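Participant: Each residue of the first sequence is one higher than the one before, counting from 8 in the numbering used here.
Derived from the structure by calculation, the hints contain no laboratory data.
Do not rely on the hints blindly, as some may be mistaken.
[Said to hold, decoys possible] The calculated DSSO-like cross-link candidates involving lysine-lysine, where the alpha carbons are at most 30 Å apart (straight line), are: (1) 460 - 327; (2) 39 - 85; (3) 364 - 327; (4) 317 - 397; (5) 418 - 499; (6) 317 - 418; (7) 364 - 418; (8) 140 - 250; (9) 221 - 39; (10) 397 - 447; (11) 327 - 85; (12) 447 - 418; (13) 447 - 364; (14) 327 - 418; (15) 501 - 447; (16) 364 - 317; (17) 499 - 452; (18) 397 - 499; (19) 499 - 447; (20) 447 - 472; (21) 250 - 397; (22) 317 - 327; (23) 460 - 85; (24) 397 - 501; (25) 397 - 364; (26) 452 - 501; (27) 327 - 583; (28) 397 - 327; (29) 140 - 397; (30) 39 - 460; (31) 447 - 460; (32) 452 - 472; (33) 140 - 39; (34) 472 - 460; (35) 583 - 397; (36) 418 - 472; (37) 317 - 250.
[Unchecked claim] Here are the computed distance ranges between Cβ atoms for each label pair: (38) 380 - 526: 49 to 57 Å; (39) 226 - 173: 17 to 25 Å; (40) 173 - 561: 20 to 28 Å.
None of the values given here were measured: they were computed from a predicted structure.
Glycine included, every Cβ here is placed at the ideal spot set by N, Cα and C.
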Amino acid sequence: MTDPIEDSTESTPTDFIREIITEDMSAGRTPKIVTRFPPEPNGYLHLGHAKSICLNFGVAVENQGRCNLRFDDTNPAKEETRYVDSITQDIRWLIADWADQHLGEKQLGAVPQSQSVGGREDNYAAPASSGVKEPFFASDYFEPLFGYAEQLITSGHAFVCDLSAEEAEAYRGTPTEPGRNSPHRDRSVDENLDLFRRMRAGEFPDGDRTLRAKIDMSSPNVWLRDPLLYRIRHVDHHHAGAKWSIYPLYDFAHCLSDYIEGITHSLCTLEFEVHRPLYNWILESLNLPRTLPRQIEFAALNLAYTLFSKRRVLRLVEEKAVDGWDDPRLPTLAGLRRRGVPASAIRDFAYRIGITKFDSLTEAAVFEGIVRDSLNASTPRRLAVLEPLKLVLTNLAEGEEYITAAPNHPKDESQGTRPIRLTREIYIEQDDFAEIPPPKFRRLKPGGSVRLKYGCIITYQDLVKDEDGNVVEVHATADLTTRSGEPNSGQKVKGTIHWVSAPDAIDTEVRLYDRLFNVPEPGTAEDFMTCLNPDSLRIVSAKIGPDLSTAQSGDRFQFERLGYFTVDSESISSEKPVFNRTITLRDTWTNK
RNA sequence: UGCCCGAUGGUGUAAUGGUAGCACGAGUGACUCUGACUCACUUCGUCUAGGUUCGAGCCCUAGUCGGGCAACCA
């Protein structure tokens, strides 16, 4: 395989971030591009993360660089190992065979090495080139981070503050009013150092003291008003263990984690824009020997009819609106995978939407169109009937049968054919018959004819109703001379419908997924739980043939005229495959 | 009533002082043993007002509208 990017259906995108990076490269500001994807292990990855992953890995691939996977795990109260595992798995699935060789990981168990750069001590977390690897963890940097905090104290850039959370908030002022200096702001370096070390030693209870940067309480940017650097938390850490009773906050940990890993471009979403001066302030206050990373912000993804926020998705899970984090209706990577969406479709989508600083709302049709495109090219075709109606071909005898070789793909002959058996009794889709048809109805109706896909042309004869007046059976006659290979096979009729032979038919569960919300922006509603689409999941008992009954977990098919379906990965224990509908075919008829 | 950021067809984006283009959607038609795919055609845009310039979507000023920021979250 050549450059994997060239194998994508999309050409390499250009955007303002890639322009900056290209310029930094050509100006010689950095010999190699290193980016990072820094998830917090407190939830599942979703489509919004995929945009960031594809940006960070894309930039790395295009510049022969590297993208580190780093867990931003500085808040042990909210983070869990199970999320570390799911995130790692999701990323590997998304980037495998595309950017995998650009994934930066470290040697299992490695911690940053102290090295001397230009006579100054430095900490560097090197990527592993071979051996057993694992992702990077911000929590592996707690020791050097502590050292950097001591340096900040020593140089008069940080102090220990005894204010409670409520007091600190009151001292901070408001966006329009300046804050006031903490009464502890002018402690001596020695006292600060002593207090900070005792914080680490666990001498004080949670919330008793904090380490704060000493910047400017009257800054118009509230993030520069002596922001917190460390807080006391007597909790064990899922990765670092029971060693710590103080934990660094995002602003302190993130910029230094970037630095320690040699990140050149730290790409994040727009809400961190106002943090950038602090990001730079911390790094510039430390007299670090290597080139400093540069933070650049871009707009997060918003997709119509869906929600990304972890808090909200968690509520959907907890209140059982969906069936877990990998529910196929969720925009989580795990959910999309289970839904049958290929990783390549998600990558194409990430490229297609572009990178800007404009807070946009992407139409659902963009994503859906790309999923259809990616599935259309090579997904094998099958016939399946979702809501069966019995049809009897009255001119065929019981036991009479005709076998046709049906192509597995209309444009890819290399996929070969499979046998299809036409018999006296078959099932057709309820929607494909109308006793009183609407205008331009091209399916079976009284007095009309249609073609059975891969079968022959049939002509309506009569119907059978139950006592409630529902059509329970349709009778028709088959013109066997119109079968493939027969003299009249070229005969035209207005419609073609799909069907399954009754003796061959097996009942199996098919889950028809639709959008979870019925409003474009559920996140802006008073309560998004009131916007749930009651029909987001419909379970039907469908008729499938023998060519589908042995399908394996993860297999994908197009059920002709219906959509794309995949075998549910969580239902493998049952003898028959359970199918999830990935997406319908484009439909230019139903809405007319 | 502070600071930061943004604004190009219905939507997402490109044009980096020199012809406003692409994709998706929508509409119409062709084709069709999938009302799919494919193909053809059509529709539709630079937030406002000034300024600089031979020339402004792009640069400057002011305004309007939208987003973000005052967690011991990230």
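Participant: Now tell me, hint by hint, if it's right for this structure.
Facilitator: How the hints compare with the structure:
Note on residue 460 and residue 327: the hinted pairing is violated, with a Cα-Cα distance of about 41 Å set against a maximum of 30 Å. This hinted pair does not check out: residue 39 and residue 85 have alpha carbons roughly 34 Å apart, beyond 30 Å. Taking the CA atoms of residue 364 and residue 327, the gap is near 35 Å; set against the 30 Å cutoff, the hint is violated. The straight-line distance between the Cα atoms of residue 317 and residue 397 is roughly 46 Å, outside the 30 Å bound, and the hint therefore fails.
With a C-alpha separation of about 20 Å, the suggested pairing of residue 418 with residue 499 holds against the 30 Å cut-off. Distance check on the hinted pair: residue 317 and residue 418 sit about 42 Å apart at the alpha-carbon level, beyond 30 Å; violated. Proposed proximity of residue 364 and residue 418 is contradicted: the alpha carbons are some 41 Å apart, above 30 Å. Taking the CA atoms of residue 140 and residue 250, the gap is about 23 Å. The hint holds against a cut of 30 Å.
A distance of roughly 34 Å separates the Cα atoms of residue 221 and residue 39; the hinted pair therefore is violated under the 30 Å criterion. This hinted pair checks out: residue 397 and residue 447 have alpha carbons roughly 24 Å apart, not beyond 30 Å. Restraint check for residue 327 and residue 85: satisfied, since their Cα atoms lie roughly 21 Å apart, inside the 30 Å limit. Among the hinted pairs, residue 447 with residue 418 is consistent with the structure: their alpha-carbon atoms are about 28 Å apart, no more than 30 Å.
A hinted pair counts as satisfied when its Cα atoms are at most 30 Å apart, and residue 447 with residue 364 does not qualify at roughly 47 Å. Among the hinted pairs, residue 327 with residue 418 is inconsistent with the structure: their alpha-carbon atoms are about 42 Å apart, more than 30 Å. Only pairs whose Cα atoms come within 30 Å are accepted, and residue 501 paired with residue 447 is accepted, the gap being roughly 10 Å. Taking the CA atoms of residue 364 and residue 317, the gap is near 22 Å; set against the 30 Å cutoff, the hint holds.
Proximity of residue 499 to residue 452 is assessed by CA-CA distance (about 16 Å); at most 30 Å being required, the pair is judged to hold. The hinted pair formed by residue 397 and residue 499 meets the criterion: a straight-line CA distance of about 24 Å does not exceed 30 Å. A hinted pair counts as satisfied when its Cα atoms are at most 30 Å apart, and residue 499 with residue 447 qualifies at roughly 16 Å. As the CA atoms of residue 447 and residue 472 are separated by approximately 25 Å, the hinted pair is consistent with the 30 Å bound.
Distance check on the hinted pair: residue 250 and residue 397 sit about 69 Å apart at the alpha-carbon level, beyond 30 Å; violated. Straight-line distance between C-alpha atoms of residue 317 and residue 327 comes to about 15 Å, which keeps the hinted pair within the 30 Å bound. Restraint check for residue 460 and residue 85: the C-alpha separation of about 55 Å exceeds 30 Å, so the hint is violated. Distance check on the hinted pair: residue 397 and residue 501 sit about 21 Å apart at the alpha-carbon level, within 30 Å; holds.
In summary, the hint linking residue 397 to residue 364 is not supported, as the alpha carbons are separated by about 56 Å, beyond the 30 Å threshold. Our distance criterion of 30 Å between C-alpha atoms is met by residue 452 and residue 501, whose separation comes to about 12 Å. This hinted pair checks out: residue 327 and residue 583 have alpha carbons roughly 26 Å apart, not beyond 30 Å. For the proposed pair residue 397 and residue 327, the alpha carbon gap of about 37 Å is over 30 Å, so the pair is violated.
Taking the CA atoms of residue 140 and residue 397, the gap is about 58 Å. The hint is violated against a cut of 30 Å. Taking the CA atoms of residue 39 and residue 460, the gap is about 57 Å. The hint is violated against a cut of 30 Å. In summary, the hint linking residue 447 to residue 460 is supported, as the alpha carbons are separated by about 20 Å, within the 30 Å threshold. Of the supplied pair hints, the one linking residue 452 and residue 472 holds, its CA atoms being roughly 15 Å apart against a limit of 30 Å.
This hinted pair checks out: residue 140 and residue 39 have alpha carbons roughly 22 Å apart, not beyond 30 Å. For the suggested pair residue 472 and residue 460, the alpha carbons sit about 26 Å apart, so the restraint of at most 30 Å is met. For the proposed pair residue 583 and residue 397, the alpha carbon gap of about 22 Å is at most 30 Å, so the pair holds. A distance of roughly 40 Å separates the Cα atoms of residue 418 and residue 472; the hinted pair therefore is violated under the 30 Å criterion.
For the given pair, residue 317 sits about 29 Å from residue 250 by alpha-carbon distance, which is consistent with the 30 Å threshold. For the pair residue 380 and residue 526, the supplied restraint of 49 to 57 Å is violated, since their beta-carbon distance comes to about 26 Å. A hinted range of 17 to 25 Å holds for the C-beta pair residue 226 and residue 173, which are about 21 Å apart. One distance hint, 20 to 28 Å for the beta-carbon pair residue 173 and residue 561, is violated here, with the actual separation near 53 Å.
Of the numbered hints listed earlier, those contradicted by the structure are 1, 2, 3, 4, 6, 7, 9, 13, 14, 21, 23, 25, 28, 29, 30, 36, 38 and 40.
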